[in-house]
Amino acid sequence: MPRLRPDPVLLPLVGALCVTPLGFAFVTAARNRLVSGRPVALLEAAEGPAALLGLAGLALLALAALRRGPWLAIIAAALLMAALGWIAGDYATTLSASQPTARVSLGAGFWLMLGLAALCLVEAARQTGRAGTSLATALVAAILALLLLSGTLDQLSILREYANKRDVLGMALLRHVEIVGLAVLPTLLIGIPLGIACQRRPGLGRLVLPALGVVQTIPSIALFGLMLAPLAALAAWQPELARAGISGVGMAPAVLALLLYSLLPIASNTAAGLASVPEPVRDAARGLGMTPSQIFWQVDLHLAFPALLAGLRITIVQATGLAAVAALIGAGGLGAIMFDGLFTGALDLALLGAIPVIGLAVLADLLLRLASPRAIA
Amino acid sequence: MIRLEQVRRAYAGREAVAGVDLTVERGAFCALIGESGSGKSTLLRMINRLVEPDSGRVLLDGEDVRSLAPEQLRRHIGYVIQSVGLFPHWTVARNIAAVPALLGWERPRIEARITELMALLRLDPRLAKASPASLSGGQAQRVGVARALAADPDLLLMDEPFGALDPVTRTALQTELARIQRETGKTIVFVTHDMDEALRLATQVVVLDQGRVVQDATPSGLLAHPADDRVRDLLGREDRGLRRLALRPVQSVMRKPGPASAPAIAAATDCRAALSRMAELGVSVLDVQDEHGTRLGSLHLADLIAG
Amino acid sequence: MIRLLRPALWLGLLLAATFGMTSLRPLFTSLFPLLERPVYMQDSFAALLLAHLELVTVASALAGLIGIAIGIAVTRPWGAAYRGLAETISAAGQTFPPVAVLAIAVPSMGFGPEPAVLALLLYGLLPAVQNTIAGLIQVPDAVKDAATGLGFGPWRRLWQVELPLAAPLILTGLRVSVIITIGTAAIASTVGVTTLGSPVLLGLSAENTAYVLQGAVLIGLLALTTDAVFDAIHDMLA
Ligand SMILES: Nc1ncnc2c1ncn2[C@@H]1O[C@H](COP(=O)(O)OP(=O)(O)OP(=O)(O)O)[C@@H](O)[C@H]1O
Ligand SMILES: [Mg+2]
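Protein chains in written order, with the working numbering: chain A, 16 to 392; chain B, 2 to 308; chain C, 463 to 700.
Quick caveat, the hints were computed from the structure, so don't treat them as lab data. Just so you know, these numbers come straight off a predicted model, no measurement behind them. Careful: at least some of the hints might be erroneous.
Claimed, not checked - Cβ-to-Cβ under 10 Å is the rule here; a few derived chain A residues that face chain B:
no. : residue
1   : P293
2   : E294
3   : P295
4   : D298
5   : A299
6   : A300
7   : G302
8   : M305
9   : V314
10  : H317
11  : L318
12  : F320
13  : T359
As the list claims (entries may be wrong) - Listed below are several chain B residues computed to face chain A (Cβ distance under 10 Å; list not exhaustive):
no. : residue
14  : E72
15  : L74
16  : F88
17  : L104
18  : R148
19  : A149
Beta carbons: idealized from backbone N, C-alpha and C, even for Gly.
Same shape as in the complex, but just chain A (with noise of 0.2 Å):
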């Protein structure tokens, strides 16, 4: 028998694993959307296969952990957490049969160990590199497409919310792209100028960047409250631009506020990567014979590549989530449906709208890291 090599952070994770359950609720139950639910412990709320392939999970989790065995933690892991989810999900079914308006939302327990799975997943694929992280999240994708397609999840609080807002979670969802679009593609024309400007010009450097970076340090709800009065007075003072959907309130100050943060992570990120050429290669580049205009494209440019990239990526990941409190200046998009739920203190409408906040972030991470080159030409 392979003698024990504990995991020294698998296995302090599967040991909380183990305790959650004991001190914090699992699920809450309530009698209908607008009272407050009883605590369901895990031991309660779990039965059948679902709670057999938690069991499953965790006890092949633990012995990966003892182990050091990374690819088994990774299929562990995400059993785990397709068991968790099952486990809630079926305890929503099965109380919702017997009283139709009873609500069934996922507790402290739940979101604690679906983390503590979560970590456990992210160290295991770190351990074996890029195959296993592609395997995390392929298994994560599964489980969650699974989960959400059988209907195991539907009776859940947050889903039921979901069927009776997927329109305008649709609508919400594709404003918000809007408002993220309208601010970065015009971000994108005049930061990429204004970054190779302040670049080439040390001294418009030395006045812009500084400028832009008052205004990053400007929390968003003072900025769009500081744009409100402004675009107010400008409508009442021209009310063809009103007509033309400029007022204090609405898409026109979250956009043109988005804007402003936005040039900052753009120019700096264009200037820094020009900057981070190496004056060797470039002077290489004049020696033998490149015009001016052949270097920046040729040499400048793909070497700026990169940060400029990663500017692009810190842009739209920020302006994702500055998109959403614009909401509260009545530009619509998901973080409407989150206030919503947080002010009427629904708490799975709030869910509801942050969730996919949080996505729409995640997977614009995502697929900007991807798009990074790394080969060469």
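Dock chains B and C with the ligands against the given chain A, drawing on the hints supplied.
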């Protein structure tokens, strides 16, 4: 032929090059040597217009370099620098092809040239698709030289090309460069800190100090008649005699073959190595032989020293 | 002294705006003649600033301390196994928008200031951990070797060599953490915490642009003051 006439260049009021006249003949191998900050790089870079002189003229084959567009000029002059400056986002092959591509050569001709140059610089053909980051220092500098030679320029400018290399790699590349210069007859202007490198490779040594030419001579002329103490310092006072010996092949001082009792030495050896061999073996006579062991002559300590 | 000028200037503006906002009533009346109550009166602006500062200070101080401690721990030989996980989480976590984290965390722990502090703290940890790790691992091995060779013990080496060399990056992490916390704390008024965000929110829902403006100006000034203070500390370190 390169001709510099009274060229000057100042930075922030300080003269980096302070009125230099210099002629480098076609096919010459000219070494610019001097202390750090003496203006070697500035002088070199004036030839391909990477630096413009404040006053004076630079003539290539009688034509003022300012009459040519800088980019066109540079595409016909090879340029190699110490930090190599390979384009990190291009493969080795594409780096070598940089100037031919700028000149609009046809694809097959470029491919053929890459193969030819990689062979000339003894680069493994498998490196063609490699990224510059994966090369050793010596390999990178070979690629740098190949890139400079790609469009077959008549003139090659090199700024401390081997400065960052270890002694073994450096010697190997010096030998390659000497061979390439012999085979192609190119004019080379070469900046170096290393007197031995200058004496070994150059046909013309130009000593600079504070932006002025202190001496412009052949290696043996320099050793025989250093212009002043600054040159003597560069030559290394104690080593001067040895350095002079190093410039001379043994065949130039050997006598008729004597009695066959002395240890053998190859005919291609220089006098310094021969002296070293005598000291090592404790003898005063060596037998000079060619690669087939044919006895060509005998070498006597007295003749070495008499020079 | 020149260094302290900029933070002092911003601080002066912040305090002047906090205590002088009410006396600007005539200005707001003339700007917004249709509003019955042109100045926010539910709480004094000083109280709002204090509440905001308290929330930010508690969350940021804890985030900074814990974050630096985690960063140090995972760069020691005995904690090295956790470094990968810490780096991955602190980088990935920051792609989560702070508003969304607030919106998920606070309601699930119950509304009010304590859950808000906890959410702000958790989010503020990420840049602190990330930059502490980055700062400590960029200290050249040769420097660490030299320190050990000269007879520095591990803790003395950390304190006298590694941390001073890592200080600028750690400071950057703390600055990012604090600035995010200030902004997110303002949004925390949506989950029932009284902060400088409260006038903005009330103003938005009651269509009282004057309230919005008053809150926004103070939040902006607080952030700029804090940023200037970090700038001054950074200059002093350099
Ligand atoms: N672009 C520049 N800007 C300002 N000063 C310069 C510049 N280029 C050269 N100099 C100055 O001109 C003088 C000569 O410089 P140069 O680079 O020609 O010296 P060098 O002999 O090549 O020295 P090294 O052996 O260190 O390379 C130095 O004092 C240097 O500081
Ligand atoms: Mg130089």
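Are P293 of chain A and chain B close enough, Cβ to Cβ, to be under 10 Å, as the hint says? holds, 7 Å
Residue hint M305 of chain A, partner chain B, criterion CB-CB below 10 Å: holds, 6 Å
Holds or violated: is there a CB of chain B closer than 10 Å to the CB of D298 of chain A? Holds - the Cβ of D298 of chain A comes within 10 Å of chain B, reaching about 6 Å at its closest.
L74 of chain B as chain A interface residue, shortest Cβ-Cβ below 10 Å: holds, 7 Å
Would the stated hint for E294 of chain A survive a check requiring a Cβ distance to chain B of less than 10 Å? Holds, about 8 Å.
Return the status of the interface hint for V314 of chain A: holds when the least beta-carbon distance to chain B is below 10 Å, violated otherwise. holds, 6 Å
Is the interface hint satisfied for E72 of chain B? The criterion is a beta-carbon contact with chain A at less than 10 Å. Hint holds; E72 of chain B Cβ to chain A Cβ min 5 Å, cut 10 Å.
Satisfaction of the A149 of chain B interface hint, Cβ to chain A closer than 10 Å: Result: holds, 8 Å to nearest chain A Cβ.
Proposed interface contact between P295 of chain A and chain B, which counts if any beta carbon pair is under 10 Å: Status holds, d = 4 Å.
Interface restraint verdict for L104 of chain B against chain A (beta-carbon cut-off 10 Å): holds, 8 Å
Under the criterion of a CB-CB separation shorter than 10 Å, is F88 of chain B in contact with chain A as hinted? Holds, about 6 Å.
Given a cut of 10 Å on the nearest C-beta pair, is the interface hint for T359 of chain A held or broken against chain B? Because about 54 Å separates T359 of chain A from the closest Cβ in chain B, which is outside the 10 Å limit, the hint is violated.
The structure fails hint 13 only (numbered hints given earlier).
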